[in-house]
Amino acid sequence: MGNVCVIGGTRFFGKFLVRELMAHGHHVTVLTRGRTGDPFGETVDRLTADANDVDQLGAAVAGREFDTVIHQMCYSPVAALAAAKAFDGRVGRLVMTSTIEVYRDQPGVSAFAAEAELDPSNLGYDVSLPWHEPNFLDSMYAEGKRQAESALAQAASFPVAFVRVGHVLAEGEFTGRLGFHVDRVLDGGRIAAHRSPGRSSFGYAREIAAFLAWMGGVSLTGPVNACSPDGVSVRDLVSVIEDVTGRSAVFEEVDDVAGDADLSPFSYPADFGMSVGYEFSPVSGWLPEVVRREIALRTKWPRNR
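Per the working numbering, residue 1 is the first one in the sequence shown, and the count goes up by one each step.
The set of hints was computed from the structure by calculation and includes no laboratory data.
Please note that a few of the clues may not be correct.
Label pairs and their in silico Cβ distance ranges [as the list claims (entries may be wrong)]:
| # | residue 1 | residue 2 | range |
| --- | --- | --- | --- |
| 1 | H27 | R247 | 43 to 49 Å |
| 2 | G41 | A114 | 38 to 44 Å |
| 3 | G246 | E117 | 41 to 47 Å |
| 4 | A111 | R64 | 39 to 45 Å |
| 5 | R64 | R247 | 51 to 57 Å |
| 6 | P159 | G124 | 20 to 26 Å |
| 7 | Y278 | S121 | 20 to 26 Å |
Given the structure is predicted, the values throughout are model-derived calculations rather than measurements.
Note that CB positions come from ideal geometry on N, CA and C, so glycine has one too.
Please work from the sequences and hints to get the whole structure.
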């Protein structure tokens with residue numbers, strides 16, 4: 001791989017990725033809008049551009065070539081087409097960080113979705129939608145990722161891989177997936193769960209970062225699912241928290257948790273897999289330690305428990 005450009009890389013997950021690449025001896029260039037600092041000092045090169053603006057992006061990478069681009073900020077077909085044009089003739093391959101959510105509500109996709117069930121080369125995309133509006137972009141997260149995959153698959157002149165990442169867990173991660181449930185168990189708050197909770201696919205942030213770095217150096221193209229091999233339900237997750245804390249959770253059985261933002265929004269039935277020659281650790285191998293680290297971040301909980 002050698003010379004790698006990471007678009008994004010200053011937020012929680014991106015920092016893991018940059019460190020993973022550097023640990024394997026790669027020269028890393030971080031491209032961001034320049035609004036957030038990073039801890040990498042003089043160990044990385046930096047470029048500044050809005051990845052959604054083809055002119056800015058093209059100007060930022062002019063005169064440069066990369067073995068691999070790992071695109072952490074590709075949330076719409078607008079960003080995808082900007083990358084396709086800006087890196088034309090400048091990159092060996094591009095790895096787009098996508099999401100398990102692209103499978104949601106898609107006709108013909110099974111409950112255990114294999115990559116081939118959603119082929120981005122056969123999907124459409126629409127750049128006339130208001131992708132530049134933050135509220136619209138947030139509300140269309142899954143659709144934006146689907147269309148970004150489609151635009152890159154159809155417009156890029158270079159090889160592209162789409163890493164469809166499961167729900168990422170780590171101590172201190174900004175989405176609050178893990179912290180939500182830890183807080184509820186520690187505080188005795190209710191946790192809403194379906195009467196028959198389904199399982200979803202999860203991955204440890206550091207391990208997903210390592211996989212993205214690995215993907216940058218192989219020839220695999222197209223979509224690849226990335227997650228631990230064992231699905232986890234909300235009850236499975238909370239059971240680990242109970243074991244670590246010695247406390248019992250308070251569950252509220254409901255038919256639908258989606259309408260209440262104060263309840264767990266992560267227990268919907270979805271069971272996605274990955275089928276690529278890379279060995280992910282089972283959830284049981286990393287989740288207990290991650291829960292311990294998450295608890296250690298809370299001053300209200302005794303550190304010696």
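Status of each hint after checking the structure:
no. : hint                      : in the structure
1   : H27 <-> R247: 43 to 49 Å  : holds, 47 Å
2   : G41 <-> A114: 38 to 44 Å  : holds, 42 Å
3   : G246 <-> E117: 41 to 47 Å : holds, 42 Å
4   : A111 <-> R64: 39 to 45 Å  : holds, 44 Å
5   : R64 <-> R247: 51 to 57 Å  : holds, 53 Å
6   : P159 <-> G124: 20 to 26 Å : holds, 22 Å
7   : Y278 <-> S121: 20 to 26 Å : holds, 23 Å
Checked against the numbered hints given earlier, the structure satisfies every one of them.
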